[in-house]
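Enquirer: Okay, here's what each chain looks like letter by letter:
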Amino acid sequence: MSGIGQAVEGGKTRSAEKLVNNFSIQVATVNGTGSQSSNSILMRAIFEMGIPVSGKNLFPSNIYGMPTWFTIRLSERFYFARESVKEFDLLLAMNPATAMDDLAPMKPGSCVIYDEPMGLRDRRDDLVFYPVPFAKLAAEACPDTKLRRFVVNCVSVGVVARLLGIEQAACDKAVRLQFEGRVKAIELNSAAIRAGMDYAAAHLEKRDRLYVERRDLTRGMILIDGNTACALGCIFAGCTLMAWYPITPASSICERFIEYARKYRSDARTGKLTCALIQAEDELAALAIVLGAGWAGARAMTATSGPGVSLMAEGAGLGFYTEIPAVIFDVQRAGPSTGLPTRTSQQDLLKLATLSHGDTRHPILIPSNMAECFDFSVQAFDIAERIQTPVFVMLDLDLGMNPWISGPFAYPEKPMDRGKVLTERDLEKMKTFDRYRDVDGDGIPFRTLPGTRHPLAAYMTRGTSHNEKAQYTERAAEYRAMLDRIARKFETARHLVPPPIIERPAGATAAIVAYGSSRPAVEEARDRLRERHGIETAYMLIRGYPFSDDVERFLLEFPGAYVVDQNRSGQMAALLRMHFPGASAVLRPVLHYTGIAIDARTIVEQILAQEGERT
Amino acid sequence: MAKIVSGNVAGTGKGRQAGGGDPVNRLGLTARDYEGEKSTLCPGCGHEIATKQIVRALWEMSVEPYRIVKISGIGCSSRTPSFFAGRAHGFNGIHGRMPGLATGIAAANRELLPIGISGDGDTAAIGIGQFIHLIRRNVRMIYVMEDNGVYSLTKGQFSPTADIGSTLKDGSINDQEPVDCCSLAILLGCPYVARSFSGDPVQLLALLKGAIAHNGMAFVHVLSPCVTFNDHEGSTKSYKRIREAACPVHRIEFVPAEVAAKEPDRARRDGRDGTPRELHLADGSFFRLDPLEEGYDPGDRARALERIAAAARDGRLLTGLLYYEPNRLDMNRMLNLVEEPLANLPPGKTRPGREVLDEIMQTFK
Ligand SMILES: Cc1ncc(C[n+]2csc(CCOP(=O)(O)OP(=O)(O)O)c2C)c(N)n1
Ligand code: SF4
Ligand SMILES: [Mg+2]
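Going down the list, the sequences are from chains G and E.
All you need for this note's numbering is the position in the first sequence, starting with 1, plus 49.
All you need for this note's numbering is the position in the second sequence, starting with 1, plus 83.
Chain G extracted, bound-state conformation (with noise of 0.2 Å):
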């Protein structure tokens, strides 16, 4: 496989070549024209072909009419970044407003499929060219005028699917679970396919070099996105309140969660739901909402982005200072401000590791595939109940929303921990009862929760200062002593966060640090600098803060440790910095903030320039 990628490389095309499975796929179009089933059609019948492969939706922030693109990477490696992301072997080219644009970046010898009004063939004599009809052809196989623009898209995946050798079975499988028992829409977009094969084979005239082939490399495997895979970890959780205002791109998170919660979370005779599902006027609110029913004893969850944690502020310092468990999800898009909404980044590391004023600091578990998504959102409700604070998990736009590839998710053994909380049994056996004192030297103390019919179980929680016995204190000796109890929990939360994944191959001699959706380009990155510059690199996969002993211990065994941030100012490098000063000088930043998603190549490039070598 890697002899024809190589054959590619710095525009050496021998076009007779065949390049199987192991290409990239550019679909352009409009959005609101149908063309995400569509997308979503073509990825999983790659998929069901056995091969794996990743997409990335690139959506503009409005719902009709706008240029939108979707890259589909087949790759035999599992390699699930782009590439670079101007690279591309083959056009699907449907939106003329940016078909000049689109042709641009691409490889001599690649292929495009475009709308034949578009004219394209003209335009560049080093690509290879298939102009159809598509206007004609979805006319013919939907006699619905109204319905016609939806079903343009999948005649176009009928195209891609002849030239490729992508089976008709697996397109039609694709269909079916794209529309799920609608069975006009089935129907439809069969039909519009068949006519796109049918028009390829009768003329069309094989003349690029793709192909996909039949393989056996996904078999049990599941394709899904991040976000849902993290509200059916809220599901397995036992989560029984989750409070949310709309956000892209997290809203998913909470829809998905509506929706399994409907079906797995009511009662089989009732039909009464275990879970409170409450759209909320604000961030302020969710966040509140989440905090009082965490005081009460639910297990409370929400999740947003980037605006939506800047509201959340005070809120978190107030679940911090006064101990009370929640989940927050924050799935990252690009700021500052609104920005780029339905863009990616890392850009908000740094402001959930102390969101809000004063000395607060938060747990943060880092999920970097699917598989993470859905067991990072079951601890974290066991994390957030043990530690008594709020917990966020963070991902971002590209793991969240983008469909990924994955092994089917465990079920989750262990037990829930509910944390430390007494019960009216409990305080039978004892005499006082303080809610701040820490029993048991690990900084966390009891709790126990409003309804519990137990003249010792009150108490008055407050964000003012408090002491051991939660009343208002303004004494210096007692308002320092509950600062410096809460940071000994972080210190007991170290444990208990997914510590790194690290690897130490031999003849190591430069590490790379990451996290979070960084994790398929970083991987991709290791594989080209060993194969193609002979650097072997060590690596450290960051999957939770605060950070374990290891992270320290791994960051002063290298020369030169290259942090991988998706954002512009280093944030992954400035935390680390921040706790482990004496590793300062070893960190060497890769950046990279485009709010697109970050490819092997800029990591690549990024570390021969900083090691003093030429690409």
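Read the hints as simulated data drawn from the structure, not as lab findings.
A virtual CB, placed ideally from N, CA and C, is assigned to each residue, including glycine.
Take the hints with a grain of salt, since some may be wrong.
[Unchecked claim] Here are the computed distance ranges between Cβ atoms for each label pair:
#, chain 1, residue 1, chain 2, residue 2, range
1, G, GLU517, E, GLU327, 45 to 51 Å
2, E, GLY254, G, ARG537, 51 to 57 Å
3, E, ASN419, G, ARG198, 37 to 43 Å
4, E, ASN419, G, ALA146, 42 to 48 Å
5, E, ARG109, G, ARG537, 55 to 61 Å
6, E, ARG115, G, GLU540, 42 to 48 Å
7, E, CYS125, G, GLY490, 41 to 47 Å
8, G, ARG524, E, ALA395, 58 to 64 Å
9, G, ARG602, E, ASN419, 50 to 56 Å
[To be verified] Chain E regions said to be covered by chain G (calculated; three or more residues, Cβ under 8 Å):
#, segment
10, 162-172
11, 208-220
12, 247-259
[Unchecked claim] Here are the simulated EDC-like cross-link-like pairs (lysine to aspartate or glutamate), alpha carbons at most 20 Å apart as the crow flies:
#, chain 1, residue 1, chain 2, residue 2
13, E, LYS448, G, ASP265
14, G, LYS518, E, GLU118
15, G, LYS518, E, GLU120
Dock chain E with the ligands against the given chain G, drawing on the hints supplied.
Expert: Chain E with the ligands alone, transformed into the frame defined by chain G:
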């Protein structure tokens, strides 16, 4: 039937402690048992008087202390939860966010009786959004807004309930239209809207007991003068001015359920002019009303708003049960929640089984 006057011994006046000590309620608790820490409010503060009536209402209504949760925002008023129901959990949160906290608490445990305490700044300024949406959700709770027309804890700036022309101690005059939270609550469909005055403890007590008996959100607006920052000549929120302006729409008497039970099949009785004389509450108790504002009907939303506005134009402040609508769907029913409090659900009821995950995984294969 014995006439029960507010301020009598709790309930039917039966239980008394053996040995003739302090009177006890149906739970055998004295009024003391509903008190809290020693108050740190200024002597004479309106909030202090309101707090005393809350203690009394909870005691007389024999509310189980463990069922009570006290929730507040920030302000002098929001500090008062420390001063009542010391046996109950309390949550003094952040400025303007009491409604959100209360929503979460009410959803997590439907057996609790949340009592929210807020100020005019906490509600009508920073918290106005949450106030509005709390009403829309119709959270089953009692919401007491202690209104003194200023931000007292920050030393006396105007709040949004200050009347046009009211002055501060330094002589500055308010030119902005005040927010009338009662009218707003009625407009939004809050099913129980009452207004009273710290200077009229009898009326306030009856309205608080009705709020406890009611099933849904009960908003109780208490004019509660600040003796330190807003009780001077020129202030429209002084004891003197409120006493002059307050016009009860009816003399109101609360008849508890155990007394009402002796007269079954009691229907709404209207007076000769068609105004109601009795209003029935969710727990079987009722209000007996003796109209003072002719034709004022707490069941007529549009007319109530008109009457309140018309009175305000004449410098009169209508008080009493201003609006009442039984049987409105409350949040927990809107959310279609199981009967058992969510907080008490065992893992077996909240974590679906292995087969469910398998089934879901199949849909992604
Ligand atoms: C976010 C925020 N902004 C400002 C304050 C300062 N602050 C504390 S209390 C208060 C006003 C309280 O007024 P009110 O609710 O009327 O209560 P009162 O003291 O009059 O009873 C303000 C502005 C705060 N605590 N939090
Ligand atoms: S400052 Fe005013 S509101 Fe605050 S306690 Fe004193 S009198 Fe009451
Ligand atoms: Mg005030």
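Enquirer: Quick one: which hint numbers does this structure break? Sort them smallest to largest.
Expert: Violated hints: 5, 8, 12; rest satisfied.
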